[in-house]
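Peer 1: The lines below spell out each chain.
Number of protein chains: 2
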Amino acid sequence: MKATQTFILTLKEAPADAEIVSHQLMTRAGMIRKIGAGIYNYMPIGLRVIRKVEAIIREEMNQAGAMEMLMPFVQPGELWEESGRLRKMGPELLRIKDRHDRDFVLQPTSEEVVTDVARNEIKSYKQLPINLYQIQSKFRDERRPRFGVMRGREFIMKDAYSFDQDEAGMRASYEKMFTAYHRIFKRLGLNYRAVDADNGAIGGSGSQEFHVIALTGEDAIVYCPNSEYASNLEAAAACSVQPLTLGKEELQKFSTPGLTKCADVAKLIDVALTQTVKTIAIAVDQFDESNQLLPGSAKMVAVLLRGDHELNEVKLKKLPGLHDFRMANEAEILATFGASPGSIGPLNLTANVEVIADLTVADMADWICGANENGFHLRGVNWERDLPRAKAYDLRNVVVGDPSPDGKGTLEICRGIEVGHVFMLGTKYSEALKANFLDEHGKAKPLVMGCYGIGVTRLLGAAIEQCHDARGIIWPASIAPFAVVICPVSYDKSDLVKKTADDLYTAFLQAGIEVILDDRGERPGAMFADWELIGIPVRVVVGERSLKEGFVEVQGRVEVEAQQVTLDQALMAVQKKLTI
Amino acid sequence: MKATQTFILTLKEAPADAEIVSHQLMTRAGMIRKIGAGIYNYMPIGLRVIRKVEAIIREEMNQAGAMEMLMPFVQPGELWEESGRLRKMGPELLRIKDRHDRDFVLQPTSEEVVTDVARNEIKSYKQLPINLYQIQSKFRDERRPRFGVMRGREFIMKDAYSFDQDEAGMRASYEKMFTAYHRIFKRLGLNYRAVDADNGAIGGSGSQEFHVIALTGEDAIVYCPNSEYASNLEAAAACSVQPLTLGKEELQKFSTPGLTKCADVAKLIDVALTQTVKTIAIAVDQFDESNQLLPGSAKMVAVLLRGDHELNEVKLKKLPGLHDFRMANEAEILATFGASPGSIGPLNLTANVEVIADLTVADMADWICGANENGFHLRGVNWERDLPRAKAYDLRNVVVGDPSPDGKGTLEICRGIEVGHVFMLGTKYSEALKANFLDEHGKAKPLVMGCYGIGVTRLLGAAIEQCHDARGIIWPASIAPFAVVICPVSYDKSDLVKKTADDLYTAFLQAGIEVILDDRGERPGAMFADWELIGIPVRVVVGERSLKEGFVEVQGRVEVEAQQVTLDQALMAVQKKLTI
Numbered sequence: 002m003k004a005t006q007t008f009i010l011t012l013k014e015a016p017a018d019a020e021i022v023s024h025q026l027m028t029r030a031g032m033i034r035k036i037g038a039g040i041y042n043y044m045p046i047g048l049r050v051i052r053k054v055e056a057i058i059r060e061e062m063n064q065a066g067a068m069e070m071l072m073p074f075v076q077p078g079e080l081w082e083e084s085g086r087l088r089k090m091g092p093e094l095l096r097i098k099d100r101h102d103r104d105f106v107l108q109p110t111s112e113e114v115v116t117d118v119a120r121n122e123i124k125s126y127k128q129l130p131i132n133l134y135q136i137q138s139k140f141r142d143e144r145r146p147r148f149g150v151m152r153g154r155e156f157i158m159k160d161a162y163s164f165d166q167d168e169a170g171m172r173a174s175y176e177k178m179f180t181a182y183h184r185i186f187k188r189l190g191l192n193y194r195a196v197d198a199d200n201g202a203i204g205g206s207g208s209q210e211f212h213v214i215a216l217t218g219e220d221a222i223v224y225c226p227n228s229e230y231a232s233n234l235e236a237a238a239a240c241s242v243q244p245l246t247l248g249k250e251e252l253q254k255f256s257t258p259g260l261t262k263c264a265d266v267a268k269l270i271d272v273a274l275t276q277t278v279k280t281i282a283i284a285v286d287q288f289d290e291s292n293q294l295l296p297g298s299a300k301m302v303a304v305l306l307r308g309d310h311e312l313n314e315v316k317l318k319k320l321p322g323l324h325d326f327r328m329a330n331e332a333e334i335l336a337t338f339g340a341s342p343g344s345i346g347p348l349n350l351t352a353n354v355e356v357i358a359d360l361t362v363a364d365m366a367d368w369i370c371g372a373n374e375n376g377f378h379l380r381g382v383n384w385e386r387d388l389p390r391a392k393a394y395d396l397r398n399v400v401v402g403d404p405s406p407d408g409k410g411t412l413e414i415c416r417g418i419e420v421g422h423v424f425m426l427g428t429k430y431s432e433a434l435k436a437n438f439l440d441e442h443g444k445a446k447p448l449v450m451g452c453y454g455i456g457v458t459r460l461l462g463a464a465i466e467q468c469h470d471a472r473g474i475i476w477p478a479s480i481a482p483f484a485v486v487i488c489p490v491s492y493d494k495s496d497l498v499k500k501t502a503d504d505l506y507t508a509f510l511q512a513g514i515e516v517i518l519d520d521r522g523e524r525p526g527a528m529f530a531d532w533e534l535i536g537i538p539v540r541v542v543v544g545e546r547s548l549k550e551g552f553v554e555v556q557g558r559v560e561v562e563a564q565q566v567t568l569d570q571a572l573m574a575v576q577k578k579l580t581i
Numbered sequence: 002m003k004a005t006q007t008f009i010l011t012l013k014e015a016p017a018d019a020e021i022v023s024h025q026l027m028t029r030a031g032m033i034r035k036i037g038a039g040i041y042n043y044m045p046i047g048l049r050v051i052r053k054v055e056a057i058i059r060e061e062m063n064q065a066g067a068m069e070m071l072m073p074f075v076q077p078g079e080l081w082e083e084s085g086r087l088r089k090m091g092p093e094l095l096r097i098k099d100r101h102d103r104d105f106v107l108q109p110t111s112e113e114v115v116t117d118v119a120r121n122e123i124k125s126y127k128q129l130p131i132n133l134y135q136i137q138s139k140f141r142d143e144r145r146p147r148f149g150v151m152r153g154r155e156f157i158m159k160d161a162y163s164f165d166q167d168e169a170g171m172r173a174s175y176e177k178m179f180t181a182y183h184r185i186f187k188r189l190g191l192n193y194r195a196v197d198a199d200n201g202a203i204g205g206s207g208s209q210e211f212h213v214i215a216l217t218g219e220d221a222i223v224y225c226p227n228s229e230y231a232s233n234l235e236a237a238a239a240c241s242v243q244p245l246t247l248g249k250e251e252l253q254k255f256s257t258p259g260l261t262k263c264a265d266v267a268k269l270i271d272v273a274l275t276q277t278v279k280t281i282a283i284a285v286d287q288f289d290e291s292n293q294l295l296p297g298s299a300k301m302v303a304v305l306l307r308g309d310h311e312l313n314e315v316k317l318k319k320l321p322g323l324h325d326f327r328m329a330n331e332a333e334i335l336a337t338f339g340a341s342p343g344s345i346g347p348l349n350l351t352a353n354v355e356v357i358a359d360l361t362v363a364d365m366a367d368w369i370c371g372a373n374e375n376g377f378h379l380r381g382v383n384w385e386r387d388l389p390r391a392k393a394y395d396l397r398n399v400v401v402g403d404p405s406p407d408g409k410g411t412l413e414i415c416r417g418i419e420v421g422h423v424f425m426l427g428t429k430y431s432e433a434l435k436a437n438f439l440d441e442h443g444k445a446k447p448l449v450m451g452c453y454g455i456g457v458t459r460l461l462g463a464a465i466e467q468c469h470d471a472r473g474i475i476w477p478a479s480i481a482p483f484a485v486v487i488c489p490v491s492y493d494k495s496d497l498v499k500k501t502a503d504d505l506y507t508a509f510l511q512a513g514i515e516v517i518l519d520d521r522g523e524r525p526g527a528m529f530a531d532w533e534l535i536g537i538p539v540r541v542v543v544g545e546r547s548l549k550e551g552f553v554e555v556q557g558r559v560e561v562e563a564q565q566v567t568l569d570q571a572l573m574a575v576q577k578k579l580t581i
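Those sequence lines, one after another, are chains A and B. First residue of the first sequence: 2, per this note's numbering; consecutive thereafter. First residue of the second sequence: 2, per this note's numbering; consecutive thereafter.
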């Protein structure tokens, strides 16, 4: 393609609302243009990258036996009523009415529709397994859309749904997708990591996320450098890191006027923060038989964590009865503990307060906590002697240096951007929508489902967050809008330059290389800056002076110096750079 | 691909609501599944055809210099406010509110968004011409969606928009698109016709439609068998077909008790229907300065047409002052003409009624019309002698046998399905949205636009309406879901059949033929019926008996008999059938 035949829309400045580098660079490179909050036009250069990402995904999905279909963007509310999501989902599900005042939604995903397809079309176990996918625009009415394509409202997503006759089948389908995802992200040329994720109901290894590694990533990824272990922070298992010791100190109350943080209390008496325990008061509201809130009757729970640890709410929610917990308010805390937050502790509580401890706290001795009296803390606290042993669970976020759950080393944490998710759904939707099949004994059973998403437009942003420099985007060759740009200097003035550039262009095209020829007649500086911003992997500069010496210049996007090659060698030099 | 790897969803019966053959066959062939009124899932076989149609369109659009981009499905209401369409368009424009109660619309087309792109990105005449297109889902909230993909609510459309500096440029861009459309429809392998259409404001040759010819088409297409002339009925020019004669009869009133139709009156006195004139009373409401309707003050117009002719409202609306005409009501007619509809005529009217005549009526003599007295008509009516000559215009639909406007013969009428439209928009949107560019003198001017649509999903329906038989769809090879199907008889039982079928499958794939192997183990009758219904152009039957004689059977979808060919010849025989 020639540059005059496409829409090169590079900008010197990024828009004021572009907070992150991918948003800035996608706008400056002319890939996207904002048309409303979280709603973008994908301009020709941007669409080329989208299509390349889609093509790789499509090939690998087909290769893995999935079948592509297309579900509507506007979906009937009845189906979402059946699954319960029409009522349960928050306002990010955009509900609309048609001219006859019927309910519709704009699809954020398509579990309901695909389950409807399955219940209509899948009759027998003989048809299974089946995996249906689509690559389609989605809509989520984010409260505060931002970060360009990273948190847009309308975006492109590949969503796939597998149907199996039992859990073993589902796990096999899941494995296939997991493998396909690895192939996809490898082909995309990105540094990525598959990490264990939490999936609520099914638990265990039933859900994994694929993250593009980037310093600017919004998610913390926990991994073991010596093994395959990786997890998102919510799901990473923590164990006790407190060596079991016997208590030696006496229980002692001491004055801590105005000090409400463990760090301050530890500093006051010059002990390590790891010797302190913080008490977090949570509440679980109670309801009567007709589901009305019973005011003032919330069940109170004291959660104990070591002073330097952080509560992992996802883990806490999984404990029986705590799924709908909330933080207790000041009045509740005062009434229950007789002190304000920051001075509370687990000793001498009434029976109606449950105490639960993180595993690490359960192994501590001679610890420090609030005295349930404002301005006072206790030290030398020991289990059994001073208070009953609390039930202990894994309730905290892991931290760097924690032992890896697989026993193969200690954990590190890096940042990632979630771009894919594979998930064992089980029978949640098939039971709600009565999507049954007949098994080999002729018995009706609910289909066992998995779902698998990849954020196509988000991937563009993630790739850029990972691969860029001060001059612009650095595309992996597999998804670059063009593989090579030919930059002729004085294309509009020198016949020799024009002829050489045109010939090279033709030769590259014939060799199957996606090349763009900059025939705009721009000055070299502006021309080079444009293509570095857009991020084309290889640049070939054709200038009169070099030509007279028999050379053109070939330079990779991240290379500091250009390589002088003869015209005969140009094609091979370019091919070599593209296959590195 | 193998049949067990895709979703073959053939049905014996069509759904009850499928009124037309394409809807029936697309459903029975498993191409689409309805999920709501006018909203469909495109199943794997259907999506394959969509992708092929899209690929042909995309190649030809790119070849013609258009640039692909992607505009959002959900579009900000502000832009539609600027163009005025947010208020003016009917309820087929689905207006929605986001969580912040802001206005959005689901795009039925994208004039507003693309004009917004243009005003932001096009600064100078040097950037022109530019043509931007997208292939995207669209939404029109049809009051009564039906006919499957022919009148759906969510559908896929290719919409392109050209930007030029002047009308000459626009016409050149329009010509390019017109040529590209011919290439597209030829490559699609369909019998089609480009016809002149009405485009309101710009007139003349400023708008053409592309119709797929089909007996079941909903539009009448007027054409001249001896020339290139073709038009839709609204836009086809009619001339006078009444020979100029001198009046011989006297004006005479005669009794026509209860007769209100020209045909009945003509029969009563035994004259040709072509001797009668019907008078149609129309009204144009008047408004005061603050745009309030002035009741009872509608301007009345009597429109004269020959008794056997039909009013063309599109032509009538183009006359000065008549754009917003409506049919007069009975009370208005009685007050103005002193008689009821069916007995009114153009004689002896008060000055405040304008009389206009179709060209044919203007050339008539000794004609018959209502007497403005219930139960009476006049005969022997002649212009000038009995009433002043009325202004005459082309106001009627053409009929079969009318002279072609190009003078090359007489007109025929056939039925067509509109699948494409090219349209000279001019500056309607660029002026409304202030999309200006600087011309070579540095002067700001509005961009001159054209717009060009192709209904992608509608094309599937139109192709099927044109090409089907009692057994199912007959796809043109260019857009068939697969070019060839291999049907092995007893694939699951005969090793010889299985090996031969597998080998042929591999050979076809290697030759670049899109082949599907039916490995389902179905019985021959059911297997053949499925692929005839789905409409695969060529079938290769591999059976043990023929194989032992050294043959396989190759048969085109519309051929009555199969051809026996040796295994060596099979590939060539198939290729030959596909290139016919």
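Hints are computed from structural coordinates only; laboratory data are not their basis. Treat each hint with caution, since some may be false.
[To be verified] Rough simulated footprint, nothing fancy, chain A against chain B, three-plus residues with beta-carbon under 8 angstroms:
id	stretch
1	30-40
2	412-424
[Stated by the list, open to error] Looking from chain A toward chain B, a few residues come up when the C-beta cut is under 7 angstroms (computed):
id	residue
3	Asn42
4	Glu69
5	Leu71
6	Gly85
7	Leu87
8	Met90
9	Pro92
10	Asp99
11	Tyr126
12	Glu545
13	Leu572
14	Met573
Note that the Cβ used here is the ideal one computed from N, Cα and C, for glycine as well.
Peer 1: For each hint given before, does the structure comply? Return the numbers of the non-compliant ones in rising order.
Peer 2: Of the numbered hints, 2, 6, 7, 8, 11, 12, 13, 14 do not hold.
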